[in-house]
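Chemist: As a plain string of letters, each chain reads:
Number of protein chains: 2
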Amino acid sequence: MTNEDPDIFGGGSSVLLVNVIVNGKKGSIYIDESGKIGETCEGTNAGLKSEAEFIIDGNGAIATPGFTNTHTHAAMSLLRGYADDMHLQQWLSEKIWPLEAHLTGEDVYRGTELACIEMIRSGTIAFNDMYFFMDQAAKAVDEMGMKAVLCHGFIDFGDEAKRESEIKATEALYSHVKGMNNPRIKMATGPHAPYTVSREGLTWCSEFSKEKDVHLHIHLSETETEVKECIEQHGKKPAELLEECGCLTNKTIAAHCCWLDDAECELLGKYGVSPSHNPASNMKLAGGRAMPYQKLLDAGANPTLGTDGCSSNNNLDILEEVKFAALLQKFFWNSDTVLPANEAYDMITSAGAKALGFGPGRIEKGAPADIVLIRTDVACNTPLYNPVSNIIYSCGSNAVDTVICDGRVLMHENTIPGEEEILKKASETAFDLVRRKEDAG
Amino acid sequence: MTNEDPDIFGGGSSVLLVNVIVNGKKGSIYIDESGKIGETCEGTNAGLKSEAEFIIDGNGAIATPGFTNTHTHAAMSLLRGYADDMHLQQWLSEKIWPLEAHLTGEDVYRGTELACIEMIRSGTIAFNDMYFFMDQAAKAVDEMGMKAVLCHGFIDFGDEAKRESEIKATEALYSHVKGMNNPRIKMATGPHAPYTVSREGLTWCSEFSKEKDVHLHIHLSETETEVKECIEQHGKKPAELLEECGCLTNKTIAAHCCWLDDAECELLGKYGVSPSHNPASNMKLAGGRAMPYQKLLDAGANPTLGTDGCSSNNNLDILEEVKFAALLQKFFWNSDTVLPANEAYDMITSAGAKALGFGPGRIEKGAPADIVLIRTDVACNTPLYNPVSNIIYSCGSNAVDTVICDGRVLMHENTIPGEEEILKKASETAFDLVRRKEDAG
Chain U
1 MTNEDPDIFG
11 GGSSVLLVNV
21 IVNGKKGSIY
31 IDESGKIGET
41 CEGTNAGLKS
51 EAEFIIDGNG
61 AIATPGFTNT
71 HTHAAMSLLR
81 GYADDMHLQQ
91 WLSEKIWPLE
101 AHLTGEDVYR
111 GTELACIEMI
121 RSGTIAFNDM
131 YFFMDQAAKA
141 VDEMGMKAVL
151 CHGFIDFGDE
161 AKRESEIKAT
171 EALYSHVKGM
181 NNPRIKMATG
191 PHAPYTVSRE
201 GLTWCSEFSK
211 EKDVHLHIHL
221 SETETEVKEC
231 IEQHGKKPAE
241 LLEECGCLTN
251 KTIAAHCCWL
261 DDAECELLGK
271 YGVSPSHNPA
281 SNMKLAGGRA
291 MPYQKLLDAG
301 ANPTLGTDGC
311 SSNNNLDILE
321 EVKFAALLQK
331 FFWNSDTVLP
341 ANEAYDMITS
351 AGAKALGFGP
361 GRIEKGAPAD
371 IVLIRTDVAC
381 NTPLYNPVSN
391 IIYSCGSNAV
401 DTVICDGRVL
411 MHENTIPGEE
421 EILKKASETA
431 FDLVRRKEDA
441 G
Chain G
1 MTNEDPDIFG
11 GGSSVLLVNV
21 IVNGKKGSIY
31 IDESGKIGET
41 CEGTNAGLKS
51 EAEFIIDGNG
61 AIATPGFTNT
71 HTHAAMSLLR
81 GYADDMHLQQ
91 WLSEKIWPLE
101 AHLTGEDVYR
111 GTELACIEMI
121 RSGTIAFNDM
131 YFFMDQAAKA
141 VDEMGMKAVL
151 CHGFIDFGDE
161 AKRESEIKAT
171 EALYSHVKGM
181 NNPRIKMATG
191 PHAPYTVSRE
201 GLTWCSEFSK
211 EKDVHLHIHL
221 SETETEVKEC
231 IEQHGKKPAE
241 LLEECGCLTN
251 KTIAAHCCWL
261 DDAECELLGK
271 YGVSPSHNPA
281 SNMKLAGGRA
291 MPYQKLLDAG
301 ANPTLGTDGC
311 SSNNNLDILE
321 EVKFAALLQK
331 FFWNSDTVLP
341 ANEAYDMITS
351 AGAKALGFGP
361 GRIEKGAPAD
371 IVLIRTDVAC
381 NTPLYNPVSN
391 IIYSCGSNAV
401 DTVICDGRVL
411 MHENTIPGEE
421 EILKKASETA
431 FDLVRRKEDA
441 G
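Same order as they appear, the protein sequences are chains U and G. Position 87 of the first sequence, counting from 1, maps to 87 under the UniProt record's numbering, and the rest follow consecutively. Position 136 of the second sequence, counting from 1, maps to 136 under the UniProt record's numbering, and the rest follow consecutively.
Treat each hint with caution, since some may be false.
Because identical chains share one entry, a pair is satisfied inside a single copy or across any pair of copies.
Using 20 Å as the maximum straight-line C-alpha spacing, the simulated SDA-like pairs for lysine to any residue come out as follows [claimed, not checked]: (1) Lys95 - Tyr385; (2) Lys95 - Asn386; (3) Lys26 - Lys424; (4) Lys26 - Glu266; (5) Lys424 - Gly60; (6) Lys25 - Phe431; (7) Lys354 - Asp261; (8) Lys437 - Asn182; (9) Lys437 - Tyr385; (10) Lys95 - Ser427; (11) Lys425 - Pro387; (12) Lys139 - Leu267; (13) Lys168 - Ile155; (14) Lys25 - Pro387; (15) Lys95 - Val338; (16) Lys139 - Ala286; (17) Lys437 - Leu384; (18) Lys228 - Asn334.
FYI, nobody ran anything at the bench for these hints, they're computed from the structure. In this text the structure is predicted, and so the values were computed from the model without any measurement.
So here's chain U without its partners, still in its complex pose:
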């Protein structure tokens, strides 16, 4: 690809993508200065060529809508490989939680930068994040040029004082994000899960979300144990409890959803919830059941895909994740035709964008210019019978060449500005975190 220029990464410029495959045809895409798709056309369009400040020659690449990752804990990238292959409870109590107890805002900033690098490299332009020190996560997302819905993980374990502090943290994040006035960055309420948040906490989150018109991001039925305990404690299944507390809406993103039964799938469908399937995490932690994708889809829910955090995956590569999704659904549900390539592709484009409220997730006039170029001069796209099949089943992030978010070029010809420094800082931060934990005993 040619015509590159350091300034191409600046944003705010008109860009013409030529020599790309767009919506199945060879053509061009014009991106205007406001970051919207002006028009797409077959051929090169000499008229547009004279208007554009930058021309990117796609060299036959597939232009696809940018991908979305609807469930992660971005800054946990700092914990990648810190502890694996342990029993879940031992892993959490001996390794993950003691380390997280020493996390600072600076750590979250560096970890989120690292996460953005990974996500951009796999063609991700938007993500849904739950963690702590989210003002620092917002700073990283702002600087990296991605889109994100950010929430503070709200956990009260039924304790009123704890609940009050979580409410304050949530309100502070709302004010902070509002003050940033960056349409690429939104906040959500983040009631962690039905088993870690009281009814009062769940209800407060749902009411705050409705009042402020923001998303609600929650873990739902990841393990069989939590479902059993919910029924014992509340006399209801987890999705029923969420309905009662007002937590099911079309701005709700529910991660995992492995152990939902048919009636719960119907509930999520009724309210237009967006489930986030997290296959790699569910497999690595031996969760025992895959999200009932087809039931949720048939019920009217909006199934999407997430990587979960790096400590249970151990990366944020959405192209790897989508293959896990398409294959795990077939394997677990014993069907060689469930979640075909085109539906898996929808999960990471149109459905994901809909879930997060970031445009249609399609390449069409007037849509945000969230566009990824996938190289076709690579083995994973040879031969190129079916671009969507290749993207889902064959390609990895090494085929991702260029990533554009709201018209701003985040990666071009495999280069992300500042990457080397970001990786260096993230590595230093990670080892410093471990040192602080060890110093504290």
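Here the structure of chain U is known, so what remains is to put chain G in place on it, guided by the hints.
Modeler: Positioned in the frame of chain U, the structure of chain G alone reads:
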């Protein structure tokens, strides 16, 4: 990385790898002119530096033994994405077999070249291949510089005339490979599966393998149906039938092995068979059960990993496959500690090399210089707490920088000589194959 030179790809030169992590320590690796590892040492070793014709600066990369892919049908790379998301029997009878009926030797040559490109890019240096026109596959392997065990897929369906022609094809491949006199290329007998080959065919293959001291490569218990039919037809389980026909030895590589019961695992262990786990293919085709890895290991078998062919995967990326293996084992066998990273790593290094008889699969003095450099200045290796964990759970083939097989540099700084032309030819060949099939009606 520096000091590159076009001639670095020639082979037959001494090479010093400096600034790499080898067996957990920063150091250097000297490769002599015969393609063997001379020695490894900490630091740079100025003495060796003056001897080496080429110096490769690993820039902190992890030096790992090259990976092995113990079950594939390499030339099926031409069928990548040609048909997906169909019911198995319809897919085979309407799509795959009609296309394969038009395959030529030239197709297999081009498809195997394409497959080698993919495998080299994920750090694979050796593979175990079953297909047709294997003299042409051998030509591609020879030129690409990889190692392979090649077999003609032997299918008689109980027909004596068919068996005679398969015997002739197997004998011809033996003579052809012997005539090549290339220690990187071996032949095996390839009885396709217990359900496609008669007892007589199985017995002939086992006897030929023993007489010529070559491997035997077979599909075993991929689906539940074939196990049931074997018991109905032969009154024995598939592994028992193979034992009776002499097909179980320590030179046997058995692909899939999903539906083996405990007694069959013991049988494979008793004879030191190398099972080849093919998780992506088993998941995509909704096979319903994962290979009983732990039972096979405990019984004394030598579990390894394979990608299967591109029509059921749809790529040959062993780093993607190894993550599928480590996660599928945990998920299916409901254990968060089964197949930990270090054992998964053994599957694609030492166990794979042992299965195919290509050295120890370790970086040690006197071993073949089958070495892969994995970059550490990339997100998937940030932070670098645990190199093996990162290789198995986090890294994709985009982290693979340099691949060396028997001392010959096959890829350096992400460049494989001739790749562009090979991909172009493979693409033309694939579309020509489809055209020939369509012309024939």
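Chemist: What label fits Lys25 with Phe431 when the C-alpha limit is 20 Å: within, between, both, or neither?
Modeler: Close across copies (18 Å), not inside one copy (48 Å); limit 20 Å.
Chemist: With identical chains, the pair Lys95 and Asn386 could be close in the same copy or across copies; at 20 Å between alpha carbons, which is it: within, between, both, or neither?
Modeler: Between. Shortest inter-copy distance 14 Å satisfies the 20 Å Cα cut-off; intra-copy 44 Å does not.
Chemist: Given identical chains, is Lys95 near Val338, meaning Cα to Cα at most 20 Å, within a copy, between copies, both, or neither?
Modeler: between (37 Å within a copy, 19 Å between copies)
Chemist: Are the CA atoms of Lys26 and Lys424 at most 20 Å apart within a copy, between copies, both, or neither?
Modeler: Close across copies (18 Å), not inside one copy (40 Å); limit 20 Å.
Chemist: Up to 20 Å between alpha-carbons, please classify Lys25 paired with Pro387: within, between, both or neither.
Modeler: Within one copy, since 11 Å is at most 20 Å while 43 Å is not.
Chemist: Classify it for me, Lys95 with Tyr385: is the Cα-Cα distance of at most 20 Å met within a copy, between copies, both or neither?
Modeler: between (46 Å within a copy, 13 Å between copies)
Chemist: From the Cα coordinates, with 20 Å as the cut-off, is the pair Lys139 and Leu267 best called within, between, both, or neither?
Modeler: Neither, since 36 Å and 59 Å both go past 20 Å.
Chemist: Which holds for Lys26 with Glu266 at a C-alpha limit of 20 Å: within a copy, between copies, both or neither?
Modeler: For Lys26 and Glu266, the Cα distance exceeds 20 Å both inside one copy (41 Å) and across copies (56 Å).
Chemist: Checking Lys139 and Ala286: alpha-carbon separation at most 20 Å within a copy, between copies, both or neither?
Modeler: This pair counts as neither: shortest intra-copy Cα distance 35 Å, inter-copy 44 Å.
Chemist: Between copies, within a copy, both or neither: which fits Lys424 and Gly60 at Cα up to 20 Å?
Modeler: between (34 Å within a copy, 13 Å between copies)
Chemist: Checking an output row: Lys228 and Asn334, CA cutoff 20 Å. Within, between, both or neither?
Modeler: between (25 Å within a copy, 18 Å between copies)
Chemist: Between Lys354 and Asp261, at a C-alpha cutoff of 20 Å, which is it: within one copy, between copies, both, or neither?
Modeler: Neither, since 24 Å and 46 Å both go past 20 Å.
Going through the hint list in order, the structure does not satisfy hints 4, 7, 8, 12 and 16.
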